[in-house]
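Work out the full structure: start from the sequences and follow the hints.
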Amino acid sequence: MGMLSLVVAQFEGEPIVRWQWIVDHLDDVWSRGLQHVVLTGSSVTIGLAIAFPLAVLASRHRWTIPPVTWAIGILYTIPSFAFIFLLLPITGLSQTTVGIPLVAYSILILFRNTLAGLDSVEADVREAAIGMGLSRRQVLWRVEVPLAVPVIIAGVRIAIVSAIGLVTIAALIGRGGFGQFILLGLDTFFPTPLLLGVVLSVALAILADLLLLGLQRLVTPWSTPGGTRTVAT
Amino acid sequence: MISLEHVEKRYSGTAAPAVGDLTLEIGEGETVALVGPSGCGKTTTLKMINRLIEPTGGRILLDSTNVLDQDPVLLRRGIGYVIQHTGLLPHRTIRQNISTVPRLVAWNDERIAARIAELIEIFDLDAELLDRYPAELSGGQRQRVGVARALAADPPVMLMDEPFAAVDPIVRGRLQDQFLDIQARLRKTIVFVTHDVDEAIKLSDRMAILNVGGVLEQFAPPETVLREPENDFVREFVGAERGLKRLALIKVGDIEVDDGPVVSPSASADEARRVIDEAGFGWVSVVDEGELLGWVDRHELEGCATAGEPTPRPFSAYVTARDSLRQALDSVVTSRTAAAVVVSEGQHYRGILTLERISKEIVA
Ligand SMILES: Nc1ncnc2c1ncn2[C@@H]1O[C@H](COP(=O)(O)OP(=O)(O)OP(=O)(O)O)[C@@H](O)[C@H]1O
Ligand SMILES: [Mg+2]
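Sequence lines, in order, name chains X and R. Following my numbering, the numbering of the first sequence begins with 1 at its first residue and continues without gaps. Following my numbering, the numbering of the second sequence begins with 1001 at its first residue and continues without gaps.
In case anyone wonders, no lab produced these hints; they're calculated from the structure. Here the structure is a predicted model, which means the values were calculated and not measured. Treat the hints loosely; a few may be bogus.
[To be verified] To be clear about the criterion: a stretch of chain R counts as covered by chain X if any three or more of its residues have a C-beta under 8 Å from a C-beta of chain X, and this derived list gives those stretches:
no.	segment
1	1069-1077
2	1086-1092
3	1100-1110
[Claimed, not checked] Partial list, computed: chain X residues near chain R (C-beta under 10 Å):
no.	residue
4	122
5	136
6	146
7	223
All C-beta atoms, glycine included, are put in the ideal place defined by N, C-alpha and C.
The following block contains the structure:
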């Protein structure tokens, strides 16, 4: 509380938002936004690329679930900036230093949801598919994965939203996307960039979430009855 | 066509085998029902034929090749498979579901389209359903799609595990009738599991009655099972009403029906009363040039000049030559006329069946 009142005292006399400052820094808004999107998108993509095969393996060989969950759970418990500082000596001030923790954090949620999605396929459906003569691989790609898509996308939505929040921390090493504005605002006791950074991060998270929700509706018309099809009669 | 030779299945970690030593010969075009108490190994036996379950002993020959020597995936594409809850793919439309196996065996689009047109005709399905998802169909429709899908690539053999168990009794009856019609036309080799003895009696050419451990107690046509049950187990399993159940096997068209009391609408009321008294039912059917108009009872004729003057009342139920005596019996005991009236196409009067007439068939 003492810290907060100090901050408030420092901001005194300053208007909440200086619009001119924002207009002057539109270039920065754009480039940091791009950095934010690229960092988030690439780390969740890589996270999915790792979590997906792990989940397929786990759904086939149930005994692997506890050790795999345990291992990625450990990664999840490392505090984010400790993670970044541990990596600094190895990967320096690069994108990778931010990317690795982001990937690591996304794996847990993506693994869990992909596995839950694969497990949600009814035994009857799987049995009928095998009984009709689909091969192992065909059952996976034509039946299990499509039916798991809603749950997988739900996981991706959570992973993306939390990654968008986490990226701001990377401002500490100059790779924080909109977080850079937040850090600037805190360093210079200047509320305009601070608010700008927060608002843009939240807006980006909401936008990404809505886009993914739309994507899910689009690719799973069967799960919204009476949905997207037009039937010629 | 299918022969099981000393087939055994032991699940790992269980002491007694689920199926111990089962030998069963199923002919081409034959419909065989596997029946027996819960847990006796019906599903296990069925699934060993398409290798969803691997036998731990014995041989299963399909067209004289051992299924264990074939690639299980290719084997299954040649065998129709239907399960209780249909297992329709929820993310595929009905059209896509039905074309699953034809696509796997690489039929071209025209051939698939032609086959689908044929199947919806055979199964009396609305073409409009084809572009819907399974969740948008009724239980009965889904069940028919499940069977149609299994038949899509025209496999000579069909395996069905309690195919009609998940629908209500009325729909089940209709699906069973449709099954009989279709099977009369297609003559597939069918093995189906049911725990409904009546269903087995109605649908199968032979029933295999299994005891716990897959022990075959009797393998014979329903008629034989009911008339000469092999042992106490079979006797108990088919139930006390064996005589009644046999009625399900006899069609109304197979026996002579009674003429019953009949007058034409132009007959005098006196004549109608005479016919009523002679038959002793208290009512008479009014038939106009072969067409059944209904029935009138004695006191309705009071003060009338002809039999056609009071409006004839419809019978509560009619039976046709295709119905079983069991259905006729049901109609007798539930009707106010104490008789089942038999008609053919276009309400053509054929005669009546009474309790006495039907019970003659029970003792015969
Ligand atoms: N995967 C399995 N592992 C171990 N035992 C099994 C397995 N599947 C079935 N069994 C056992 O094998 C026996 C036969 O089972 P099966 O499913 O063939 O019976 P069923 O005749 O189809 O019964 P129901 O009428 O209840 O469907 C049962 O005792 C069952 O518990
Ligand atoms: Mg069973």
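*For the hint on residue 136 of chain X, does the least C-beta distance to chain R fall short of 10 Å?*
8 Å, holds
*When the nearest CB of chain R is found for residue 122 of chain X, is that gap smaller than 10 Å?*
Hint holds; residue 122 of chain X Cβ to chain R Cβ min 8 Å, cut 10 Å.
*Verdict on chain X covering the segment 1069-1077 of chain R, criterion of 3 CB contacts below 8 Å*: The restraint on the segment 1069-1077 of chain R holds, since 5 of its residues have a Cβ under 8 Å from chain X and three suffice.
*Do at least three Cβ atoms from the segment 1086-1092 of chain R come closer than 8 Å to Cβ atoms of chain X?*
holds (count 7)
_Count the residues of the segment 1100-1110 of chain R whose Cβ falls closer than 8 Å to any Cβ of chain X, and tell me whether that reaches three._
Holds, because 3 residues of the segment 1100-1110 of chain R bring their Cβ atoms closer than 8 Å to Cβ atoms of chain X.
_Would the hint on residue 146 of chain X be counted as holding, given a Cβ-Cβ threshold of 10 Å to chain R?_
5 Å, holds
_Take the shortest C-beta to C-beta distance between residue 223 of chain X and chain R; is it under 10 Å?_
Hint holds; residue 223 of chain X Cβ to chain R Cβ min 8 Å, cut 10 Å.
Going through the hint list in order, the structure satisfies each hint without exception.
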